[in-house]
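Line by line, the protein sequences give chains A and B.
All residue numbers for the first sequence refer to my numbering, where the first residue is 1 and numbers rise by one.
All residue numbers for the second sequence refer to my numbering, where the first residue is 153 and numbers rise by one.
Worth flagging that the hints you see were computed from the coordinates, not collected in a lab.
Watch out, some of these pointers could steer you wrong.
Below 27 angstroms or equal to it, Euclidean Cα-Cα: the simulated DSSO-like pairs (lysine-lysine) are [said to hold, decoys possible]: (1) K430/B / K142/A; (2) K228/B / K10/A; (3) K464/B / K413/B; (4) K464/B / K10/A; (5) K464/B / K211/B; (6) K467/B / K240/B; (7) K487/B / K142/A; (8) K411/B / K467/B; (9) K10/A / K211/B; (10) K142/A / K490/B.
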Amino acid sequence: MAVSTRRLQKELTEITTAGTPCGITLLKADDFQTWFLTLEVLGESLYQGEVFALMFRFDSQYPISSPAVQFVNDETYQPPIHPHVYSNGHICASILGSEWSPVLSVIAVCITLQSMLASCKDKTRPPDNDRYVAHAPDNPKKTRFVYHDDEV
Amino acid sequence: MEDVPDPTDFPPNDIAPGLRELDEALRCTICGDLFSGPLSVACGHCFCSLCIRTQLNVKAECPLCRKSTTEFHLRKVQSIEDAVQAWKIARPYILQLSRDEVQRRLQFAEARAALQDVSTRSPKKRRRNPSLNDDDEVIEIIKPTSKMNGQRSGLSPADSSGSSTPQSVSCPVCQKQVPMAKINQHLDDGCKSPTPIEFEVGSSTTNNKGKQKQDWQKLFGAAESSTGSKGKGKAKSNSKSKLEPSATPIPKVAYHTLKEKRLREMLSDHDLPTTGDKDTLIRRHERWVLVYNANLDRNPRDRETLEELIRKLKKWEDTRGGKKIGVGDVKAYEKANKVVFAGLIEAARPKKPPPKPQQDDPEHDNIEQQRITEATDDPSEIQVPISSSPGSSVPPVTEDEQTGMPVDG
Numbered sequence: 001m002a003v004s005t006r007r008l009q010k011e012l013t014e015i016t017t018a019g020t021p022c023g024i025t026l027l028k029a030d031d032f033q034t035w036f037l038t039l040e041v042l043g044e045s046l047y048q049g050e051v052f053a054l055m056f057r058f059d060s061q062y063p064i065s066s067p068a069v070q071f072v073n074d075e076t077y078q079p080p081i082h083p084h085v086y087s088n089g090h091i092c093a094s095i096l097g098s099e100w101s102p103v104l105s106v107i108a109v110c111i112t113l114q115s116m117l118a119s120c121k122d123k124t125r126p127p128d129n130d131r132y133v134a135h136a137p138d139n140p141k142k143t144r145f146v147y148h149d150d151e152v
Numbered sequence: 153m154e155d156v157p158d159p160t161d162f163p164p165n166d167i168a169p170g171l172r173e174l175d176e177a178l179r180c181t182i183c184g185d186l187f188s189g190p191l192s193v194a195c196g197h198c199f200c201s202l203c204i205r206t207q208l209n210v211k212a213e214c215p216l217c218r219k220s221t222t223e224f225h226l227r228k229v230q231s232i233e234d235a236v237q238a239w240k241i242a243r244p245y246i247l248q249l250s251r252d253e254v255q256r257r258l259q260f261a262e263a264r265a266a267l268q269d270v271s272t273r274s275p276k277k278r279r280r281n282p283s284l285n286d287d288d289e290v291i292e293i294i295k296p297t298s299k300m301n302g303q304r305s306g307l308s309p310a311d312s313s314g315s316s317t318p319q320s321v322s323c324p325v326c327q328k329q330v331p332m333a334k335i336n337q338h339l340d341d342g343c344k345s346p347t348p349i350e351f352e353v354g355s356s357t358t359n360n361k362g363k364q365k366q367d368w369q370k371l372f373g374a375a376e377s378s379t380g381s382k383g384k385g386k387a388k389s390n391s392k393s394k395l396e397p398s399a400t401p402i403p404k405v406a407y408h409t410l411k412e413k414r415l416r417e418m419l420s421d422h423d424l425p426t427t428g429d430k431d432t433l434i435r436r437h438e439r440w441v442l443v444y445n446a447n448l449d450r451n452p453r454d455r456e457t458l459e460e461l462i463r464k465l466k467k468w469e470d471t472r473g474g475k476k477i478g479v480g481d482v483k484a485y486e487k488a489n490k491v492v493f494a495g496l497i498e499a500a501r502p503k504k505p506p507p508k509p510q511q512d513d514p515e516h517d518n519i520e521q522q523r524i525t526e527a528t529d530d531p532s533e534i535q536v537p538i539s540s541s542p543g544s545s546v547p548p549v550t551e552d553e554q555t556g557m558p559v560d561g
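Isolated chain B (complex conformation) (with noise of 0.2 angstroms):
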């Protein structure tokens, strides 16, 4: 299994007071990652630009407090961004700390135990002890647990404090090699160097850098051969570049007056495939609205290219996108399952008028009855009039507790 970073990396509170809060609080409720392009809404809590667009287009409320909240009240929150941008390269080096220091409380308390030992009879361990607080020693007992942690454990503190052995680490962002050196301009220019910026693909063969794009090429290739899609190579190429600073949202689309010409020609203009049926079409460029305008919600040096963008909805339509969530097509499910339908209606004809032990809730009554007619109308849901607490998990109060009123009268 990938080894997914967490605050629960950091040690607890009694080791390292407020580094796993600091780490949580610099993460998104709804993803669990560090905040990506972190937008605000209506009620000031602050979620990764994609993740509450995504949620918005769903619900319309916070998905914390439940406050009624639009796309129009979303706003840029700057200063976390550049908290958490200030946090992806000072967290690793925290990490390490925070790790030494656990195995140096462990060694302390063990050669203190071992001192007790022995110390009735020689007292002089007690100046050989603290060179097991040795840097050294301490890395080679950390044992790597992740791939990050794995790199790290060959760097000792005394390499991050200023040798300059050309020695590659792993970017805990990109989690690319790149050297030693370089880390922190890596870090700062957001992952694009050591090789300069690039605005066109493939124009890079540097190193491991350009083995990666070399792989995106690869995606693309298949990609568009694979959806068919021509429209290369016309006067797009500067689409292809790396987003400008400027560049605007996509306005929301109202899909449903759109014909699928137009529709086929708004995906084109974004380079985008034009296959599948007009639902398919509707949701590749509902997500792909989704997917740009959160792009743009990042800091400029932060953001993807819009082949990573492509490359992302590509795999998003692979893994689900394509197919809404439940019964894809209604149609067709009833059509499927036709039989089955009419079995259950008529099992549940006779059942209509059963005899009906006395009641005293005449609303329960209609929701019944309409649910009834509701299932011979659309068999492909139940309605079951039954509910339960709402959201919170603090146990409801009963009307008797609310009033007070005794029971009997």
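In isolation and in its complexed conformation, chain A is listed as follows (with noise of 0.2 angstroms):
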């Protein structure tokens, strides 16, 4: 078996003995490739009551090469309005490109978005929001993002 898979075979045996955190819950794990989970932030926040959705795609590389995360925008779920997710979900966050550590995991990633959409305190889109989305490629890991702000 392949170590990615090993990997998040693991992962995933974790999830369903040990459970996920509080307002962490997983949608979806079929095979290898695609999960889904679902993100609410709990307690005093401006995302009360809204529950979001993530996608997590991983390669064979995984856990060397980051898992591509982004929200998930379709009938059921929108992402969550905050300066660094754009309208199409996609999410500027550099522990999903450079700061990506292999000892992370999908709890670990979803753990910090939580705590990225705890802290905001201005629920507004991204300010080239829709420059970038017009010209966004499918798998965020080809968007090259600068990250310049660590405040939020």
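Two chains, two separate frames, one set of hints: put the complex together.
In structure tokens, the structure reads:
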């Protein structure tokens, strides 16, 4: 079995036996290519009562290479309005790009994104949203984001 | 789905204190498997040799604490390797014990409940209930949830404590069927016994081990004929043997200075296929250096044979290795998508001087400007000037909180 499959199998086992942290649930993990999880910010925040869905796409190099993570944008789920989340669901977060580490996991990414939403003070789209979304590649990993803002 | 051993195989702490933690502590945080050839980095964190060597090629920092570290800091951690070796042997046994314990408790609880039901009427029942804890019954109840358990559930504690029935069990490490009396010896030998350690492929024909070797050979036959590698049967037969304990690591190579011919020579020195373009050759050699050196980081008795390494290399190449992540051939990609890019550039142009709402963030403007120029230079990637919190999952502190400055002056 490939390393990526073994590793994902372990993560799945842990999710099913030990459960997921508060506000995070596993929606669909039928294979080891694409997983869906739901994310919800608990407690006081600008996103109270909103439920989002995250799509994870893994390549055979996982966990050495990062998963492609984005918010789902369909009839059921819409991406949150956040300065680092584009309206097509792409997320500009350094841990999904240059700051990815192979010891991180699906759940660790979810927790980080949850805290990114929880600490949001200004519910706006990124300033260049329209321009980016018009040209965005399907896979957010092909976008070279520039991380200049470590405040939010 | 194949069952993958995991710390959660063990019961939680209230039943088996510390076992999950112990199992977790002996696992690499990158691959999640028990350490294979554990190496420590500058900060002291420990990873499988292949995992950390691969990762250091990507980024020269510790994956756990992000302290910078390089290949020169890698040190073998012998005691961890010994601990893992022992744990591999002890794990199935302890797993069985702990599962028996769970069952025992469950039955005890059931028995007590039953006892409470009837105790008022017939106090004699009390004496009969402990018989439920009989080992035989325990074994019958356990459901085999995995391959390993399946075999183990057939083996009662009485067997493991010394009966000499010629039963065969599957090795928890290599999954091979091994006579039970020889399982410990088999594990001690790093899964090489019961057949004597072989130095030549195909020299053995004994029992199931021989069969597996044959399978390999089939694979190799296929691999070699498909890649058309010649160079067999030359004076390289000795490199076909198990790695010598004294073998030395292959030094890193500065590939960009090498001619393709030299690359092919280097590959054929190791009996590797020499097909493919230069990029493929480089990636193949690079991967070979990784797996070869990682193999040397293991105890000599745990090392894989060169054939096994080559087989894995081929598998790696078939599944992904041949290709780079993302856009493989940039030039071809650019050519194929020329029309799309032209359209994009055209679409981006009129927007260049948009009616700017006044902004007090000059740095931001600069970056946006830069984005536009870069997008025209290299249309295969789009750059976006927004970012987010770095690695930590701790909510970042805003400047206001940090300084405690009143917003209003």
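So, going through the hints one by one against the coordinates:
no.	hint	in the structure
1	K430/B / K142/A	24 angstroms, holds
2	K228/B / K10/A	26 angstroms, holds
3	K464/B / K413/B	24 angstroms, holds
4	K464/B / K10/A	22 angstroms, holds
5	K464/B / K211/B	24 angstroms, holds
6	K467/B / K240/B	26 angstroms, holds
7	K487/B / K142/A	17 angstroms, holds
8	K411/B / K467/B	26 angstroms, holds
9	K10/A / K211/B	24 angstroms, holds
10	K142/A / K490/B	17 angstroms, holds
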